[in-house]
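Peer 1: Protein chains in written order, with the working numbering: chain U, 1 to 140; chain V, 1 to 203.
Among the hints, a few may not be true.
Derived DEER-like restraints, expressed as beta-carbon distance ranges [claimed, not checked]:
| # | chain 1 | residue 1 | chain 2 | residue 2 | range |
| --- | --- | --- | --- | --- | --- |
| 1 | U | Val44 | V | Arg53 | 42 to 50 Å |
| 2 | U | Leu66 | V | Ala28 | 19 to 27 Å |
| 3 | V | Gly56 | U | Leu87 | 39 to 47 Å |
| 4 | V | Arg124 | U | Ile77 | 31 to 39 Å |
| 5 | V | Gly52 | U | Val88 | 33 to 41 Å |
Derived by calculation from the structure, the hints in this document are not laboratory data. Heads up, the beta-carbon is just placed ideally off N, CA and C, and yes, glycines get one too.
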Amino acid sequence: MTERHTPAGDAEVVPGGLEFAPGEEPEHLGDVPPQALPMLPGEVRPHPTPFQYVMVGVVLVVLTALEVTVSYLTGDIPNGLILLMLLVFMVTKFALVAAWFMHLKTDRPIFRRMFAVGIVAAIVLYGVVLSTLHVWQHHA
Amino acid sequence: MQETALAPPHEAYDTHGTATGVTNAKLAMWLFLSSECLLFGAFISAYLLYKGRTHGVKASQVFDIPFTSTTSFILLMSSLTMVLALAAIQRGDHRRFRVWIVATALFGLTFIGGQVYEFTNFFREHHLSLHTNLLGSTFFVLTGLHGVHVTAGIIWLLSLFGLSTQGRLSTADSEKVEIAGLYWHFVDVVWIVIFTVVYLVPK
Numbered sequence: 001m002t003e004r005h006t007p008a009g010d011a012e013v014v015p016g017g018l019e020f021a022p023g024e025e026p027e028h029l030g031d032v033p034p035q036a037l038p039m040l041p042g043e044v045r046p047h048p049t050p051f052q053y054v055m056v057g058v059v060l061v062v063l064t065a066l067e068v069t070v071s072y073l074t075g076d077i078p079n080g081l082i083l084l085m086l087l088v089f090m091v092t093k094f095a096l097v098a099a100w101f102m103h104l105k106t107d108r109p110i111f112r113r114m115f116a117v118g119i120v121a122a123i124v125l126y127g128v129v130l131s132t133l134h135v136w137q138h139h140a
Numbered sequence: 001m002q003e004t005a006l007a008p009p010h011e012a013y014d015t016h017g018t019a020t021g022v023t024n025a026k027l028a029m030w031l032f033l034s035s036e037c038l039l040f041g042a043f044i045s046a047y048l049l050y051k052g053r054t055h056g057v058k059a060s061q062v063f064d065i066p067f068t069s070t071t072s073f074i075l076l077m078s079s080l081t082m083v084l085a086l087a088a089i090q091r092g093d094h095r096r097f098r099v100w101i102v103a104t105a106l107f108g109l110t111f112i113g114g115q116v117y118e119f120t121n122f123f124r125e126h127h128l129s130l131h132t133n134l135l136g137s138t139f140f141v142l143t144g145l146h147g148v149h150v151t152a153g154i155i156w157l158l159s160l161f162g163l164s165t166q167g168r169l170s171t172a173d174s175e176k177v178e179i180a181g182l183y184w185h186f187v188d189v190v191w192i193v194i195f196t197v198v199y200l201v202p203k
């Protein structure tokens with residue numbers, strides 16, 4: 001149970017939350033264990049902790065920095081290798097945001113499947129269209 | 001006093017007895033995001049189709065990678081503040097929720113500001129507009145469409161902030177924040193793809 005503060009400053013109890021006495025809210029991001037948070041509809045396991053979110057954010061920043069660095073290596077290493085590395089970084093960043101921030105890692109599989117249908121449909125559909133129009137040969 | 005026992009899943013939320021056991025709103029958002037993959041896929045494909053086939057101004061002549069990298073970093077950080085806002089409202093910490101949600105909206109505004117600057121620079125310095133060539137058409141439509149999505153997201157975030165300041169957004173409404181967050185993160189993952197495909201992939 002938790003408190004909801006009305007505009008008048010009164011507190012009322014709301015089911016499904018936590019109770020923090022005034023002034024006793026956790027000071028640090030990592031102080032709240034995941035099992036302490038109320039679960040949302042569709043969650044199978046508790047969401048990550050704020051500390052884990054920050055760690056994922058750090059990884060994303062590092063990957064972006066690597067991505068930009070690699071893009072400046074044009075001429076020093078083959079373009080094919082640059083393209084491969086950029087795609088790996090892109091897919092990793094995409095997967096990290098989807099799994100951790102969009103909670104596909106902890107939510108019911110139905111959401112994962114629904115999103116995967118959209119992504120796969122887009123890749124297949126436009127892959128076929130671009131192949132038909134010989135885009136890959138043009139860029140090679 | 002801190003209570004560590006979990007409320008059973010869904011106790012505080014009305015799932016209206018759906019067959020999936022999840023709320024229709026969240027399911028609808030995922031369905032919408034799934035369809036958005038096809039929408040953005042179409043515009044990314046159009047950009048790839050005409051890339052390198054344009055006459056006149058070339059992408060490599062106009063892009064400012066350090067600048068766009070900075071705005072991309074800002075948008076990535078907005079995703080982090082968004083999940084921190086969700087975690088805050090879930091634990092009933094409304095003050096921190098408001099801080100994080102405003103930070104997210106400000107990051108989004110900064111990104112849009114950067115995009116406006118970039119568009120203006122392309123037009124003034126390189127005379128690249130929607131009508132100049134195929135690069136201009138496909139680039140401005142793709143990134144502009146993404147910018148419109150970010151702008152809609154900012155309005156959504158600020159409306160949540162407004163509801164919270166009026167005391168009309170409780171812990172039991174966490175799912176509303178999560179759904180807004182799903183939209184915001186989707187806008188972020190789309191930019192991850194656009195940033196790589198449009199700006200970084202060698203010509």
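Peer 1: Failing hints, ascending?
Peer 2: 2, 3, 5
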